[in-house]
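Required output: the full structure, derived from the provided sequences and hints.
Protein sequences appear in the order of chains L and S.
690 is the number of the first residue of the first sequence in the numbering used here; add one for each residue after it.
72 is the number of the first residue of the second sequence in the numbering used here; add one for each residue after it.
Because the hints were derived from the structure by calculation, they are not lab data.
Warning: the hint list may mix true and false statements.
[To be verified] Quick list of in silico lysine to any residue cross-link-like pairs, SDA-like style, CA-CA up to 25 Å:
| hint | chain 1 | residue 1 | chain 2 | residue 2 |
| --- | --- | --- | --- | --- |
| 1 | S | K118 | L | N957 |
| 2 | S | K85 | L | I999 |
| 3 | S | K293 | L | Q950 |
| 4 | L | K1002 | S | S87 |
| 5 | L | K1002 | S | A98 |
| 6 | S | K85 | L | L864 |
| 7 | L | K1002 | S | L91 |
| 8 | S | K85 | L | N768 |
| 9 | S | K85 | L | F993 |
| 10 | S | K85 | L | G882 |
| 11 | L | K830 | S | A98 |
| 12 | L | K1002 | S | N82 |
[What the hints assert, rightly or not] Not the full set, but computed from the structure, chain L residues with beta-carbon under 10 Å of chain S:
| hint | residue |
| --- | --- |
| 13 | A873 |
| 14 | R955 |
| 15 | E973 |
Since this is a predicted model, take the numbers as computed values, not measurements.
For every residue, glycine included, the Cβ atom is placed at its ideal position computed from N, Cα and C.
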Amino acid sequence: MSFLEYQIKTVPGGIRKILYLNWGLVLLLVAVASMGFLMLYSVAGGSLQPWAEPQMKRFAAGLLLMFAIAMVPIWFIRNMAGVAYGISVLLLLAVEFFGEVGMGAQRWIDIGPLRLQPSELMKITLVMMLAAYYDWLDTRKTSRPLWVLIPVALIAVPTALVLIQPNLGTALMLLMGGAAVMFAAGVSLWYFGAVAALGAGAIASLFTLRDTPWQFLHDYQYRRIDTFLDPTTDPLGAGYNIIQAQIALGSGGWSGKGFMQGTQSRLNFLPEKHTDFIFTTLAEEFGFIGAFSLMLLYGLIIFFCLASAIQSKDRFSQLLLIGIGCTFFFYLAVNLSMVMGMAPVVGVPLPFLSYGGSVMLVLMVAFGVVQSAHVHRPR
Amino acid sequence: MRRTARDTEANARKVSRRALFLGGAQAAFIAVLGARMRYMQVEEADKYRLLAEENRINIRLIPPARGLILDRGGRLIAGNQQNYRVVITREETGDVETVLAKLAEVIPLTPEMLDRTRKEMDRRSAFVPIVVADWLRWDDLAAVAVNAPALPGVNPEVGLSRRYPLVGDFAHVVGYVGPVSDADLAELEDPDPLLQIPKFQIGKIGVERWMETDLRGRSGTKRIEVNSVGRVMRELDRQEGVAGADIRLTIDADVQNFVQARLGEESAAAVVMDVANGDLIAVASAPSFDPNLFVRGISQTDYSALIENDHRPLANKSVQGAYPPGSTFKMVTALAALEAGAVTEQTTVHCPGYLEFGGRRFHCWKHGGHGTVALEEALKSSCDVYFYDIAQRAGIDRIAEMGRRLGLGVRHDLPMSAISEGVMPDKAWKRDRHKAEWRIGDTINASIGQGYVLASPLQLAVMTARIASGNAVSPRLVRAIGDREVPVGTIPPLGIAPQHLRAVQGAMVAVMNAQGGTAWASRIADEAMLFAGKTGTSQVRNISASERASGVIKNEQLPWNRRDHALFVGYAPATAPRYAVSVVVEHGGGGSAVAAPIARDAILRALSDGLPPLSAYPANQRTTIETQQKNMKLRKPEPTAAESSRA
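Structure below.
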């Protein structure tokens, strides 16, 4: 059942919408972002510059953007999903040809004062597009091969574009975010089982074919995998980041070394301490208590999204909320696994804590959409 | 496209089911992450904490201030001078070339210094300060400080470096310090970690080397926090070390300076020693060199000049040089014969100018001979034949025994480098050393301090002091280490019959104060400072029979390095001996003409408060002495306070 079939009367109108926002979610976001400001202040050696203050300004702007988007009716967003997806793909193509290459091969384009990474935007628009697709699709056709191939293509195009940037982390997240929506939409489990089996087979052959004429990775790529599996084999090279991050994490202990007392981050032993590895500083300075609290807050945010999805009766809203919740989860799951040494270093930021404009902006847009779905849910 | 209500309900339920499944999976994953966090932060925390500490803490040594070396009056011989230098830190500088160019306008910089700086900078991290120039004047340092705004990253600095304000006076006694070499490290069994500090300096020779442990002190440590590239962030705590002990020598810097100046450019050595306690008042060796050159790192040109000089400035001739003592040895022969009872004071010997023995003719220095002489006359006119004779009566073993009793052929332990033991030969020594039997001819040669006998100026001074005092005084160089006075210790008597000593002493007085004595010209006119002594002239070549027949070639006609060594030993005042002196002038010619005047000046300087009073000299020599004193290049009275400060 789609929105047009609901009684629109029951949806709050005008300024009264503000009262119907999910204020609990807003509070959670502010709490997590504040932890981020605190950590950015700390890693700068007790200074608002150069990271904490710009991040605060961005978050404030992001909040306003979120409220603005929350006012937009969810059905309008659904109708714009195709357009948003198209623009995102075009932007990805644009950066491929005109974009600037920075550290770690992330590509961005400058739009006035804004430095936008289309790959970040893509994470949300892809989820929107897939949700709209399954809202439109007759549910009986969901698991038919042809109708499965279309969303696979929708996922594959941006994933391929991001992969050649190259940005393995984002590509992986697009893949998983898309798969999550397809899974929620009810695509047959056989497809997922087949893909999982294929993946396992690929990984198995990757290792069994090593040192044979048929190996399909370069030697240096194998060495990277080795370094991930055992960082101590290259303690001053590629393994350095992982080892130092783990030392920072572990040395935090139960209650941490205290605010601004983290020796690993203050003495620059930590790589990327204000971006991808900011969690290690948090864990070092606030210990297990601090780190686990943050994980609980993240858990609550995801819980809000999923609970909202289950409550909603609108298929688009449901799929969109699940997609956004999962994308958010993938951000932190990949980041945390990476800093804890459970996954290779792929360059995925920690939402709301890592310093960076695009991620912040895209996440606030996403939560704006979440709020819109909440405000405009049929009652 | 209308759907039935039941369809939508069913679909929504399916979505909810799958959402719940996803939520469950996510919760499970977060739980896994949490467990991992707990494992690392709680179970393994200690391991990681240790690793974090190892990451950040370094232990650095603080070098202690090196002990000073002072003369007996507390005057500075070796101090720690503030070494003004300018360092540059690349990361604070910005455009290095511009700043260096500006710096060159402020202080004098050679192209080599700039090259070295650039090279060093390429090698080191950006935050390491690099020395651009050192040993600057205070004015240069001030100029850098004034121009600081135009010179970012350039800082004036003050370090401590060893400095020898008395330049060459103590170069041989005190020696110098230098950077630790691999050889130094290999020599030590358990080297002090301090020695590993780059540019740390240790004593290389002389007192600086042999009293290194006292002078060095103990290092302190500081624990510092470093960041990932090794830059020092802050000091956590420090444990101060113990500064090295100051060493006070027995030497009087003024006397030393006088003696060193008096030796001038001769290749010579002189020792002045207190006969009562063995204190060395002056230990001079000429020519000398500037030990400061070695501290800063001596240039190849300077070093070659020192090495190639045939006067061997680097050798410490006063303790290292072993010379045939010549006639200065005759007191030993005399005492040995007297103590053996072979002769008495009155025993006479006839000197026809030579002694015939075993078909060989041993000449007296005086061609015509001395006629019949007894002990006093024999010493006074230095008759060789008398000693040839009495030496045979005493026998070499008794002479050698007496020589050793008087301090010859014995190593005197002093904190100086390359101390020579000399040679006091006897029958066993020759058998051992030359695998040959001792022959009477050897005894005859030894009786006048030639042949195998070798002694250093220090040993000759000890011998003289022992004859003068009758006690077995030993030389002493260190008066106090830190606050601890070095005790003199008991000085045993020599055990020589007093009348024998008196006979020899009386003869030594006659050498100088009786008309016809070989050192009559170098007597001291002042009765209160009466001088007693003995001249010596030792051959460094063999005089062939044919040369003797045609007349011995005069020293002045020989090339410098074939001329005789001039020696003199003596003590004063003869009535109540205070100081003993020995002088050796290599290839100087005759002992009476060259060595004795130097010895007189030296001992008079030791006995008086300033320059030797002219009244102490015989009236007819005073004008010459006055001119000589005026022309001496003596050091200015005091090093300035700024130079001697320890900081």
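Restraint status (C-alpha distance of K118(S) to N957(L) at most 25 Å) = 20 Å, holds
query = Taking 25 Å as the top limit, are the C-alpha atoms of K85(S) and G882(L) close enough?
reply = The given pair, whose Cα atoms are some 18 Å apart, holds under the 25 Å limit.
ask   = Is K293(S) close enough to Q950(L), meaning Cα to Cα at most 25 Å?
value = 21 Å, holds
key: Straight-line alpha-carbon gap K1002(L) to S87(S), limit 25 Å   = 10 Å, holds
ask   = At a threshold of 10 Å, is the proposed contact between A873(L) and chain S supported by beta-carbon distances?
value = Hint holds; A873(L) Cβ to chain S Cβ min 5 Å, cut 10 Å.
inquiry  = So if I understand the rule, the pair passes when the alpha-carbon distance is 25 Å or less; does K85(S) with L864(L) pass?
reply    = 22 Å, holds
ask   = Is the shortest C-beta separation between E973(L) and chain S less than 10 Å?
value = 8 Å, holds
request  = Take a quick look at whether K1002(L) and L91(S) sit within 25 Å of each other, Cα to Cα.
outcome  = 15 Å, holds
inquiry  = Tell me if the straight-line CA distance from K85(S) to F993(L) falls inside 25 Å.
reply    = 19 Å, holds
query = Is the Cα-Cα distance between K1002(L) and A98(S) 25 Å or less?
reply = Given that 25 Å is the threshold and the Cα spacing comes to 24 Å, the pair holds.
task = Compare the distance between the alpha carbons of K85(S) and N768(L) with 25 Å, and conclude whether the hinted pair is satisfied.
result = 24 Å, holds
query = Within 25 Å, alpha carbon to alpha carbon, are K830(L) and A98(S)?
reply = Roughly 31 Å between the alpha carbons, so the hint for K830(L) and A98(S) is violated.
Of the numbered hints stated above, the single one contradicted by the structure is hint 11.
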